[in-house]
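Going line by line, the protein sequences match chains A and B. Following the numbering used here, the numbering of the first sequence begins with 1 at its first residue and continues without gaps. Following the numbering used here, the numbering of the second sequence begins with 1 at its first residue and continues without gaps.
Some clues are possibly wrong.
All copies of an identical chain are treated as equivalent in the list; a pair is satisfied when it fits inside any one copy or across any two copies.
[What the hints assert, rightly or not] Here are the simulated lysine-lysine pairs, DSS-like style, with alpha carbons at most 27 Å apart:
(1) Lys227 / Lys333
(2) Lys96 / Lys154
(3) Lys6 / Lys361
(4) Lys331 / Lys228
(5) Lys220 / Lys333
(6) Lys331 / Lys232
(7) Lys230 / Lys331
(8) Lys96 / Lys228
(9) Lys313 / Lys232
(10) Lys232 / Lys333
(11) Lys227 / Lys331
(12) Lys178 / Lys361
(13) Lys313 / Lys96
(14) Lys96 / Lys220
(15) Lys6 / Lys114
(16) Lys228 / Lys154
(17) Lys220 / Lys126
(18) Lys251 / Lys96
(19) Lys96 / Lys232
(20) Lys333 / Lys361
(21) Lys96 / Lys212
(22) Lys157 / Lys331
(23) Lys331 / Lys178
(24) Lys157 / Lys251
(25) Lys227 / Lys6
(26) Lys178 / Lys333
(27) Lys251 / Lys333
Hints were generated in silico from the structure; no laboratory data involved. Bear in mind that the values here come from a model prediction, so they are computed numbers and not experimental data.
2 protein chains.
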Amino acid sequence: MLPDQKLLRIPGPTPIPPSVSRAMSQPMIGHRSQEASDLIETIRPGLGPLFGTSEDVLVITGSGTSGLETAVVNAAHPGDEVLVIVTGAFGDRFAKICDAYELQTHRMDVEWGKAADPEQVEQYLKDHPDIRVVFATFCETSTGVLNPIGEIGKAVKSSSDALFVVDGVSAIGGVRAKMDEWGVDIFVTGSQKALMLPAGLALIAVSQQAWKVIESNPQKRFYFDLKKYKDKIEGNSTPFTPALSLLFGLKQVLELFEQEGLDEVFNRHQLMMKMNREALTALNLPLLTDDRDASPTVTAVRPNGFNAEDFRKVIREEFALSLAGGQQNLKGKIFRVGHMGYSSPADVLQTISLMEVGLRKIGVHVEFGTGVAAAQEVYTNWGEK
Amino acid sequence: MLPDQKLLRIPGPTPIPPSVSRAMSQPMIGHRSQEASDLIETIRPGLGPLFGTSEDVLVITGSGTSGLETAVVNAAHPGDEVLVIVTGAFGDRFAKICDAYELQTHRMDVEWGKAADPEQVEQYLKDHPDIRVVFATFCETSTGVLNPIGEIGKAVKSSSDALFVVDGVSAIGGVRAKMDEWGVDIFVTGSQKALMLPAGLALIAVSQQAWKVIESNPQKRFYFDLKKYKDKIEGNSTPFTPALSLLFGLKQVLELFEQEGLDEVFNRHQLMMKMNREALTALNLPLLTDDRDASPTVTAVRPNGFNAEDFRKVIREEFALSLAGGQQNLKGKIFRVGHMGYSSPADVLQTISLMEVGLRKIGVHVEFGTGVAAAQEVYTNWGEK
Chain A
1 MLPDQKLLRI PGPTPIPPSV SRAMSQPMIG HRSQEASDLI ETIRPGLGPL
51 FGTSEDVLVI TGSGTSGLET AVVNAAHPGD EVLVIVTGAF GDRFAKICDA
101 YELQTHRMDV EWGKAADPEQ VEQYLKDHPD IRVVFATFCE TSTGVLNPIG
151 EIGKAVKSSS DALFVVDGVS AIGGVRAKMD EWGVDIFVTG SQKALMLPAG
201 LALIAVSQQA WKVIESNPQK RFYFDLKKYK DKIEGNSTPF TPALSLLFGL
251 KQVLELFEQE GLDEVFNRHQ LMMKMNREAL TALNLPLLTD DRDASPTVTA
301 VRPNGFNAED FRKVIREEFA LSLAGGQQNL KGKIFRVGHM GYSSPADVLQ
351 TISLMEVGLR KIGVHVEFGT GVAAAQEVYT NWGEK
Chain B
1 MLPDQKLLRI PGPTPIPPSV SRAMSQPMIG HRSQEASDLI ETIRPGLGPL
51 FGTSEDVLVI TGSGTSGLET AVVNAAHPGD EVLVIVTGAF GDRFAKICDA
101 YELQTHRMDV EWGKAADPEQ VEQYLKDHPD IRVVFATFCE TSTGVLNPIG
151 EIGKAVKSSS DALFVVDGVS AIGGVRAKMD EWGVDIFVTG SQKALMLPAG
201 LALIAVSQQA WKVIESNPQK RFYFDLKKYK DKIEGNSTPF TPALSLLFGL
251 KQVLELFEQE GLDEVFNRHQ LMMKMNREAL TALNLPLLTD DRDASPTVTA
301 VRPNGFNAED FRKVIREEFA LSLAGGQQNL KGKIFRVGHM GYSSPADVLQ
351 TISLMEVGLR KIGVHVEFGT GVAAAQEVYT NWGEK
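Take the sequences, apply the hints, and build the full model.
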């Protein structure tokens, strides 16, 4: 590889587009200046469509987890009964945050690699009518599952008046979301995934129903108090010093979305998912998830006949290509390929072709070109669908 | 002015050095990669000297306020009696966070523009022996006061066994701090001030005495739980996705400190303070603070005979030079000149000379060169001290 070439194909952080990198290098400005207000005003209208909402999207300086905690401490009143649908490591994180706040936390554990079942959620809520908040994960990054948030939202809303809170961290910006239509009350994402930015921003969209719960919530909080952010966004400002370099970058990200068109952005992610799945299947690599449950942003493989960590190591050392390993239960058992954000069908072909070489290097019999050919077929036929 | 030239002379955010800007533009890496660990390992030893501590410094992704809240929820157990020394808007913020957590908050309000009196703190703690935590501000950004943290620390430690928590946000990196010697238990700063970075990192140093209180603290928290950060830093990692672009930048900032030498960095800030104070005095502009209480990083002026906001507006529109206004009580009554971080004596001379022109433009009689000459005198005689 070239000394300065690195191929980052993990499910976040993702590569930064050059124009975004340039935008973030702009000279610093005062955070209470007219220029900063203008920046926030320019960004605001572009965020709602990413979540599928007509509501304002609030921006907190912090990791994705700060956004998840913000959702918990605003949506759940102290001592509330809540349901956390756990389909992997990030559902588990929601549950851990709820535990840290000593909520009465019900866990619905789903086998890792499978999506949650909306009917089961509906029944659970009928059986537990005191549940005030339901937490779910859109794309479960640890398994590559895309949960059916639309159907789960319908199940939540038809069987309870609980708030529905969704972690959209590795989906928003890569997968069509319909917050308002789906009945999502709080939708959270982070900047370092399909939004093509470095980590450091948590974005949170809030429904009118959620605001009622938030406004009367006595839960102790300060930095994560969404009311403070709501009060300020109306004047194109923030309650605390914003991460301005990331906002410079976010403006350019929205410009890139505008240029490509959001429909095409989401279509590209669907295409990359399909290319990956067909290629990996052609290479006899077992996919962790069924097609029905698959995320457009990340694909997990559970290899048999070779060690996932050995494979990742060879790929990294020989080609500077980073793939992700498994987390928690799946540590050492799977590897994950990220295909979101600044990632194209051409990048998928490159990744697959290097994976083929890497497989041969660790002694797995592979007919060169097999996976690539399968991905090429998907790519060339895609327009005809 | 040149179309692309902006002079940012507010007390944060501050200008980003070009090499730091370039460092932040590096391609993204995996946050759990060896490269990320190496980055954190390289940064770690450079942070303690900025605070004057041999302890590890923990890094949280968030605004400065997230660091202040982290200090509160880790140092104070629920219901604790605490004392907040309020010398301006940022002391007030500490008190507001304590109020949000329903601590039994004692406020010691000091006239804005004056420093806190260590003897008064000592007496207060003797009179209120149940106080568990004392909160103070090193540089009160809203007034340009540098509080005598060393003496206050001595007062706290000699009269109580309370923890001593200090907001170092606009001081650390520009003013010599001696955390261990002064008896500071938790010392917080943000990235966008004397550390020459965009906002988005809160840095927190913690004493051994504080760890005992933190480890037994039942206060509900998750993202701000310092134990999580401590557990991870030992393996050169973080509990949540770090703001990697800012860490790339922080590594380069430490490199710049190394090149200049920390003693010289602090000396430069002393020199810039003195140049500003002499120049502003020569221009008959009344300084808000006494010499004894003055901060090396920001200087506040309370003009008589003209309107501070009119002056700031002219300066901004004519020269693209940003000065800060007053906050809360002092809104409209003062203006503030930032001189920290990527700021040199040459920049002070430029700022003073443009301020002279701006004063003439709003109708204030000024003999051109008067302030500049005073600053030049300080500059040329400085070496002889």
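Evaluation of the provided hints:
1. For a Cα distance limit of 27 Å, the shortest separation of Lys227 from Lys333 qualifies neither inside one copy, at 43 Å, nor across copies, at 29 Å.
2. Within a single copy, Lys96 and Lys154 get their C-alpha atoms as close as 25 Å, which meets the 27 Å cut-off; across copies the closest is 40 Å, which misses it.
3. Taking identical chains as interchangeable, the C-alpha atoms of Lys6 and Lys361 lie at most 27 Å apart only when both belong to the same chain, with a minimum of 20 Å there against 54 Å between chains.
4. Taking the closest pair of Cα atoms, Lys331 and Lys228 come within 27 Å of each other only across two copies (21 Å); inside a single copy the shortest separation is 39 Å, beyond that limit.
5. For a Cα distance limit of 27 Å, the shortest separation of Lys220 from Lys333 qualifies neither inside one copy, at 41 Å, nor across copies, at 34 Å.
6. Taking the closest pair of Cα atoms, Lys331 and Lys232 come within 27 Å of each other only across two copies (18 Å); inside a single copy the shortest separation is 42 Å, beyond that limit.
7. In this assembly of identical chains, Lys230 and Lys331 lie within 27 Å of each other by CA distance solely across copies; the values are 23 Å between and 40 Å within a copy.
8. Both within a single protomer and between protomers do Lys96 and Lys228 lie at most 27 Å apart by alpha-carbon distance, with minima of 25 Å and 13 Å respectively.
9. Taking the shortest Cα distances, Lys313 and Lys232 sit within 27 Å of each other only across copies (23 Å), while inside one copy they are farther apart (47 Å).
10. Only between protomers do Lys232 and Lys333 lie at most 27 Å apart by alpha-carbon distance; the minimum there is 23 Å, versus 46 Å within a single protomer.
11. Taking identical chains as interchangeable, the C-alpha atoms of Lys227 and Lys331 lie at most 27 Å apart only when they sit on different chains, with a minimum of 24 Å there against 39 Å within one chain.
12. Proximity of Lys178 to Lys361 under the C-alpha cut-off of 27 Å is found in neither arrangement, the shortest distances being 44 Å within a copy and 55 Å between copies.
13. Proximity of Lys313 to Lys96 under the C-alpha cut-off of 27 Å is found in neither arrangement, the shortest distances being 31 Å within a copy and 50 Å between copies.
14. For the identical chains of this complex, Lys96 and Lys220 are neighbours both inside a copy (18 Å) and across copies (12 Å), given an alpha-carbon limit of 27 Å.
15. Taking the closest pair of Cα atoms, Lys6 and Lys114 never come within 27 Å of each other, the shortest separation being 32 Å inside a single copy and 54 Å across copies.
16. Proximity of Lys228 and Lys154 under a CA criterion of 27 Å is satisfied in neither setting, with 30 Å inside one chain copy and 37 Å between copies.
17. Taking CA atoms no more than 27 Å apart as the test, Lys220 paired with Lys126 passes in neither setting, with 30 Å inside one copy and 30 Å between copies.
18. Taking the closest pair of Cα atoms, Lys251 and Lys96 never come within 27 Å of each other, the shortest separation being 33 Å inside a single copy and 32 Å across copies.
19. Taking identical chains as interchangeable, the C-alpha atoms of Lys96 and Lys232 lie at most 27 Å apart only when they sit on different chains, with a minimum of 17 Å there against 30 Å within one chain.
20. For the homomeric pair Lys333 and Lys361, the shortest alpha-carbon distance inside one copy (19 Å) is at most 27 Å, but the shortest distance between copies (71 Å) is not.
21. Taking identical chains as interchangeable, the C-alpha atoms of Lys96 and Lys212 lie at most 27 Å apart whether they share a chain (25 Å) or sit on different chains (23 Å).
22. For the identical chains of this complex, Lys157 and Lys331 are neighbours neither inside a copy (35 Å) nor across copies (48 Å), given an alpha-carbon limit of 27 Å.
23. Taking the shortest alpha-carbon separations for Lys331 and Lys178, neither the intra-copy value of 33 Å nor the inter-copy value of 43 Å comes in at or below 27 Å.
24. For a Cα distance limit of 27 Å, the shortest separation of Lys157 from Lys251 qualifies neither inside one copy, at 34 Å, nor across copies, at 49 Å.
25. Taking the closest pair of Cα atoms, Lys227 and Lys6 never come within 27 Å of each other, the shortest separation being 42 Å inside a single copy and 34 Å across copies.
26. Taking the shortest Cα distances, Lys178 and Lys333 never come within 27 Å of each other, neither inside one copy (34 Å) nor across copies (48 Å).
27. Taking identical chains as interchangeable, the C-alpha atoms of Lys251 and Lys333 are never at most 27 Å apart, the minima being 39 Å within one chain and 35 Å between chains.
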